[in-house]
Amino acid sequence: MLFRTWQRLSSVVLGLVSAPAAMADWELNMPQGITEVSQSIYELHMLIFWICVWIGVVVFGVMFYSIFKHRKSKGAVASKFHESLTLEILWTALPTVILIAMAVPATTVLIQMYDTTNSDVDIKITGYQWKWEYNYLGEDVGFFSNLTTPEDEIYNLAEKNENYLLEVDKHVVVPTGQKVRFLITSNDVIHAWWVPEIAVKKDAIPGYINESWAFIPEGEEGIYRGQCAELCGVNHGFMPIVLEAVTGDEYQVWLEEQRAGKIAEAQAALGDFSYDELMVKGADVYARSCAACHGGEGQGLGSVFPALAGSDIALNDMAAHIDIVLNGKPGTAMQAYATQLSDVDMAAVITFERNAWGNDTGETVTPKMITDAKK
Amino acid sequence: MTTATASHDNHDDHGHHGPAKGIMRWVLTTNHKDIGTMYLWFSLTMLFIGGTMALIIRSELFQPGMQLIEPEFFNQMTTMHGLIMVFGAIMPAFVGLANWMVPLMIGAPDMALPRMNNWSFWILPFAFGMLLFTLFTEAGAPNFGWTFYAPLSTTYAPSSVTYFIFGVHMMGISSIMGAINIIVTILNLRAPGMTLMKMPLFVWTWFITAYLLVAVMPVLAGVVTMMLMDIHYGTAFFDAAGGGDPVLFQHVFWFFGHPEVYIMILPAFGIVSQIIPTFARKPLFGYASMVYATSSIAFLSFIVWAHHMFTVGLPLQTELFFMYATMLIAIPTGVKVFNWVSTMFRGSMTFETPMLFALAFVVLFTIGGFSGLMLSIAPADFQYHDTYFVVAHFHYVLVPGALFGIIAGVYYWLPKWTGHYINENLGKFHFWMSFIGVNVTFFPMHFIGLAGMPRRIPDYALQFADFNAIATVGAFIFGFSQLIFLFVLIKTIRGGEKATDQVWEGAEGLEWTIPSPAPYHTFAEPPHVK
Ligand code: HEM
Ligand SMILES: [Cu+2]
Ligand SMILES: [Cu+2]
Chain Y
1 MLFRTWQRLS SVVLGLVSAP AAMADWELNM PQGITEVSQS IYELHMLIFW ICVWIGVVVF
61 GVMFYSIFKH RKSKGAVASK FHESLTLEIL WTALPTVILI AMAVPATTVL IQMYDTTNSD
121 VDIKITGYQW KWEYNYLGED VGFFSNLTTP EDEIYNLAEK NENYLLEVDK HVVVPTGQKV
181 RFLITSNDVI HAWWVPEIAV KKDAIPGYIN ESWAFIPEGE EGIYRGQCAE LCGVNHGFMP
241 IVLEAVTGDE YQVWLEEQRA GKIAEAQAAL GDFSYDELMV KGADVYARSC AACHGGEGQG
301 LGSVFPALAG SDIALNDMAA HIDIVLNGKP GTAMQAYATQ LSDVDMAAVI TFERNAWGND
361 TGETVTPKMI TDAKK
Chain X
1001 MTTATASHDN HDDHGHHGPA KGIMRWVLTT NHKDIGTMYL WFSLTMLFIG GTMALIIRSE
1061 LFQPGMQLIE PEFFNQMTTM HGLIMVFGAI MPAFVGLANW MVPLMIGAPD MALPRMNNWS
1121 FWILPFAFGM LLFTLFTEAG APNFGWTFYA PLSTTYAPSS VTYFIFGVHM MGISSIMGAI
1181 NIIVTILNLR APGMTLMKMP LFVWTWFITA YLLVAVMPVL AGVVTMMLMD IHYGTAFFDA
1241 AGGGDPVLFQ HVFWFFGHPE VYIMILPAFG IVSQIIPTFA RKPLFGYASM VYATSSIAFL
1301 SFIVWAHHMF TVGLPLQTEL FFMYATMLIA IPTGVKVFNW VSTMFRGSMT FETPMLFALA
1361 FVVLFTIGGF SGLMLSIAPA DFQYHDTYFV VAHFHYVLVP GALFGIIAGV YYWLPKWTGH
1421 YINENLGKFH FWMSFIGVNV TFFPMHFIGL AGMPRRIPDY ALQFADFNAI ATVGAFIFGF
1481 SQLIFLFVLI KTIRGGEKAT DQVWEGAEGL EWTIPSPAPY HTFAEPPHVK
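Chains as they are written, first to last, in the working numbering: chain Y, 1 to 375; chain X, 1001 to 1530.
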């Protein structure tokens, strides 16, 4: 507690003194983070760091002393000693003691990190190539979270914004002052969900549900960014995490909004959409959800990700086209989009694929056709 | 610790012939010196190929944004760089040094199994040729990292994974044959009087390394075979959808992988333990404790593998066990460092090029050991894992560790091999450029790792830009300095100040009793060791 207050105070002072430098450039150290666990980890990190520094000072001190004093050019004559049982015992025993002293706090913190019981909010996190899905268990709220950094910024055609590569369309919102449990799994390869400020990093492994938790204290509301930390294929570097901590009340309002949004979406699918509307929407959905694999111009990528421009399926068999986007193809990177995209988005992207890049079929796929195909 | 009574008049010059002429000398040779030489040149070639890949990676990472290559090719580069450096550069270099020096250090006429020796070398160019060839295929080279975690390397892999598996099998066979050869040579061909506890430390560390190799290379072969079966024969060892277990892959891989990292450092410990006493003109401090420390490290290396898996969701008890076991490794490692420093203490030191590399090894390897100790603290590893902090750690132990050890060994024994001293000014130039380059490259990686940059990403957020730019500059300094190394090597082979038989004033051991350059056949009659 004392540590926390002291640290809050010093960070305020530091922030005032070095406001521009605090833009995180030249950042040298691990963040202390905003939870008790992240603070404890930071303290462990600093403790072991200083232990290493002191051992280094002593060892390198003796070494450099010898290098300067005991050199032949200064007339040093080699002594012949080459054994000392006392020394050997000493420098085996001393490190042992230091390590035991280090192991004790490390064990305590680890036990605390593993205590996922008594959570107030449970969020299931699923890794996909290359996005995250969040499901709020028991709340009927769930959504995908995709990178929103435009290609132009990545390919240096536009100026990079402040949150370059660390921005997504939908934040994962959590309440402060409550224990949030994360249940982490994957739909395809192994990913790792990591937000440094809350010191949660857990691998997302197909077939496993890993648990982790965070308790963000009240007063620490804000936006915290992280990234996937396990190599998961081409776009491993492009699946960030944006965690938004809000007060308990705001959290409840947000949940309501999500549920209402879902109903509105279902209603919209019943409405009519013109070809032009679908094409505009489709281009958008395509860029966000499909371009990573099928290429910005439908040209595909390497030998694994097929081109859609001029492809048989996009020009001819509409039923098969709808089917593969809805249900994916098991055992390949092509995922089932039935639960990821609304029926409107689905209709739009398929319409788009059948009419873009010279695929001029002139056909329109309506949201109703998708709703029917799902039956 | 060993006193030799041998001198050159008991190397033979009767009945034996010199090397055969032409290319067939190298293809058919069973001579340990020829084979050692081929291993070393092969390794240097791989170092330059792997190094070029590293420079491609660092160029892309010079600034945020994608500039030069695509993410897919970036992943192929990181994967191939890792595989080539580990299996193509570091390991063969040590085998080459062992081939050259183990017989000379124990007074043996050659390796015990000379024909097998020829095979273990000649497999390698084919294994790596095949691996490199995948770069030019349509599917591209392996792109799943040198740790090739399933299912990214199975269900989701490019088709070149099959070539990769075949290549790993060939390297494994080569390593196992090399290791068996070294074990048999050491056990059977020691000169009379050369008891185990009189063996030079380089021989000792290689002896232990060879056992590690024999123990874990089959495990690697097993894990890639399981992958092969998952990919082609419909099994599901690592496929969760078929009832398999992706975490099993990691357990098996790291059961190989952690001993593997010690395979890459123990022989370097041995080299440094030869060099420091020579240039401190003082016997190695704590010879016996060095042997025991090496053995304990080798033993412990089998029971710490899951420290690479702290974040996969192991049960708490497992996590604690692996944390404690990993922390323990620091103790014998520390003993070695303390012994080296005590050897220097009150010595009479000079600083020729091999010694400079050995000293840099002690300091920089220890820094890598410190970050290893930090990584062993499991709760903290949740923050470090899979970030550039880990990249900094293993590059400190592998570049100024393993690689500097190799370079130091090459400079140390080169006069014995070629009969010429190196040009010290050039050697020192190489040293200082490498020393500066390595630190400018890898030290900032600690900072970007702690600040939160994940490893294996082709592009990064803006706050990591400055240190990445510095690291790239360092990488180019380091990379191009190795051309100085190549230059020194060629220059020394072609001429230079004539080396004495003892070569270095403080050098002791059988290898310094034979002429420089070492004749094609040595110790046909075993020397006597008192
Ligand atoms: C004091 C001794 C050492 C300790 C305590 C130690 C500890 C560790 C730990 C805990 C990790 C896992 C970090 C992570 O992924 O989160 C690691 C990674 C690694 N270490 Fe060490 N280490 C030591 C020495 C060495 C040596 C001598 C080498 C090789 C010469 C080495 C090579 C590596 C490599 C290659 C990795 C990264 C593997 C990968 O993920 O690609 N370490 N070390
Ligand atoms: Cu990833
Ligand atoms: Cu390890």
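Note that these hints are calculated values from the structure, not bench results. Note that this is a predicted model, so its numbers are computed, not measured. Beta carbons are placed, not taken as given, at the ideal position from N, Cα and C, and that holds for glycine. Treat the hints with care, since some could be wrong.
[Claimed, not checked] Interface residues of chain X toward chain Y, partial, derived using beta-carbon atoms under 10 Å: (1) Gly1051; (2) Asp1245; (3) Met1323; (4) Ser1371; (5) Pro1379; (6) Phe1389; (7) Asp1501; (8) Gln1502.
Any hints from earlier that this structure breaks? Give me their numbers in increasing order, please. Violated hints: 1, 7, 8; rest satisfied.
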